[in-house]
Amino acid sequence: MQPLTGFRDFLPVACAERNYIFAKWREVARRYGFVEYDGPLLEELDLYKKKSGDEIVRQLYEFVDKGERAVALRPEMTPTLARIIAANHRNFRKPLKWFSIPQVFRYERPQRGRLREHFQLNCDIIGEPSAEADAELIALAIDVVRGFGFSANDFVVRISDREFWTELLKIEAVPSERWEDILQTIDKSEREPRTKTRERLGGLAGPVFEILEKGGESAKLNRIIDSLRARGLSDFATVDVGIVRGLAYYTGVVFEVFDRAGKFRAIAGGGRYDQLIAQLSDNAVSLPALGFAIGDVVLGEMIHENPSALGELEASVRSDRSIEIYGVIAKEERRAVALAVIQQLRDQGYRLDYPMSPTKVPRQFQTAEQLGAQTAILFGDEWPNVAVKKLASGEQQLVPHEELVAHLVAHR
RNA sequence: GUGGCCAUAGCUCAAUGGUAGAGCCCCAGAUUGUGGUUCUGGUUGUUGCGGGUUCGAGUCCCGUUGGCCACCCCA
Numbered sequence: 001m002q003p004l005t006g007f008r009d010f011l012p013v014a015c016a017e018r019n020y021i022f023a024k025w026r027e028v029a030r031r032y033g034f035v036e037y038d039g040p041l042l043e044e045l046d047l048y049k050k051k052s053g054d055e056i057v058r059q060l061y062e063f064v065d066k067g068e069r070a071v072a073l074r075p076e077m078t079p080t081l082a083r084i085i086a087a088n089h090r091n092f093r094k095p096l097k098w099f100s101i102p103q104v105f106r107y108e109r110p111q112r113g114r115l116r117e118h119f120q121l122n123c124d125i126i127g128e129p130s131a132e133a134d135a136e137l138i139a140l141a142i143d144v145v146r147g148f149g150f151s152a153n154d155f156v157v158r159i160s161d162r163e164f165w166t167e168l169l170k171i172e173a174v175p176s177e178r179w180e181d182i183l184q185t186i187d188k189s190e191r192e193p194r195t196k197t198r199e200r201l202g203g204l205a206g207p208v209f210e211i212l213e214k215g216g217e218s219a220k221l222n223r224i225i226d227s228l229r230a231r232g233l234s235d236f237a238t239v240d241v242g243i244v245r246g247l248a249y250y251t252g253v254v255f256e257v258f259d260r261a262g263k264f265r266a267i268a269g270g271g272r273y274d275q276l277i278a279q280l281s282d283n284a285v286s287l288p289a290l291g292f293a294i295g296d297v298v299l300g301e302m303i304h305e306n307p308s309a310l311g312e313l314e315a316s317v318r319s320d321r322s323i324e325i326y327g328v329i330a331k332e333e334r335r336a337v338a339l340a341v342i343q344q345l346r347d348q349g350y351r352l353d354y355p356m357s358p359t360k361v362p363r364q365f366q367t368a369e370q371l372g373a374q375t376a377i378l379f380g381d382e383w384p385n386v387a388v389k390k391l392a393s394g395e396q397q398l399v400p401h402e403e404l405v406a407h408l409v410a411h412r
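No gaps in the numbering here: position 216 of the first sequence is 216 in our numbering, and each next residue is one more.
Heads up, a few of these hints could be off.
To be verified - Cut-off 20 Å, straight-line C-alpha distance, at most; resulting in silico cross-link-like pairs (EDC-like, lysine to aspartate or glutamate): (1) LYS24 x GLU314; (2) LYS188 x GLU213; (3) LYS49 x GLU62; (4) LYS331 x GLU314; (5) LYS49 x GLU177.
I should point out that these hints are in silico values taken from the structure, not numbers from a laboratory.
Let the sequences and hints guide you as you build the complete structure.
As structure tokens, this is what we get:
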């Protein structure tokens, strides 16, 4: 009995790790004034076909439902967001800053850092054309990764602008149907031998290599870098025109986040998609937009290989799982009064556990320890007093049960 | 969709073609009211599944399923 290929069970520790990652994502996104939204897990297949073409269907988790509708599990959040925005944008003052933590799906063979399902933080800014929005989004991406304990020695954001390439293609009068293919080749040029790239580019190879070597510079990118510098974040970013990104809908600035050591695949990526909302709404609505996504799988791998980031995660996991108090029922005849006190403490918000069947006292202390309790409260011969024991120090004192809450609050 | 490696107890892993084991975890006891350390004892297997070779297969061969990794592709 196993989960389906590429899908994960989240046992308590894994779930606590996930909670830690989600909590950090939410915290940082909110710091930037983003508000959370969500959408359906399942969408019409056409939503993805319209944007990316039929060939993407090969990688989609898609099927025909009982109503004969062609549907797909969402492979990414952006089309859903664009759909929601096209339908609802009049209700909101621009610009919008929205985030979501969807689980997304792809039908492909699992490999390192890549499953058939993962969670990703998606942050998008809608209705803001200025480069300051690109800078704001990139700053957020940096702070999201920083939030897990990483520094400028650990990761870098590589920023580019597709317009470097689309301008060239215009000048060279390349027919638009070839653009996608050429952008893909440039995107891949870092990972492939130069001769192969040259072969694919043909006559464009010369100017493309020239731009790749010279690097890019533009007023727009300068403004973004200046904005990051003003925030003290310039050490985390570099301009790299080799970044193109695979998705067809990006129109301007694009960026990807990498670990400095180059051990992992890209941990986050995003960019501007000014035409997508118009495209999906058949030109009913046109709004400039940009966004980025960071997934839980690669990020999790990276955290696990960085001692200090791992330490922060483990501390969070411990406290997420721990109870505060264990009620030791030393005499079964005290069970009823113990339950009354336990209920009272739980009403006060304490996380508390106790044995549900008669259990030897040493065993109960072991359980208390194992559950991470800081305090044990003994119900036994001392009644109407209870013994309050601090498990870290071993110190123990008798407290009248009606004074217990006040005592605990005072010694928290 | 293509290729490579792997599959033994809940977990990590042993076992020249010759009786399937260890550590950890879990349970119980030493200790009938005080934890983290000890010590003792105990449970757990269709060796992924199906076939073949052999006197004899966890071990060799074929198939299959699953996992990992790479490619394709990329959220």
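Verification of the hints:
no., hint, verdict
1, LYS24 x GLU314, "14 Å, holds"
2, LYS188 x GLU213, "15 Å, holds"
3, LYS49 x GLU62, "11 Å, holds"
4, LYS331 x GLU314, "36 Å, violated"
5, LYS49 x GLU177, "17 Å, holds"
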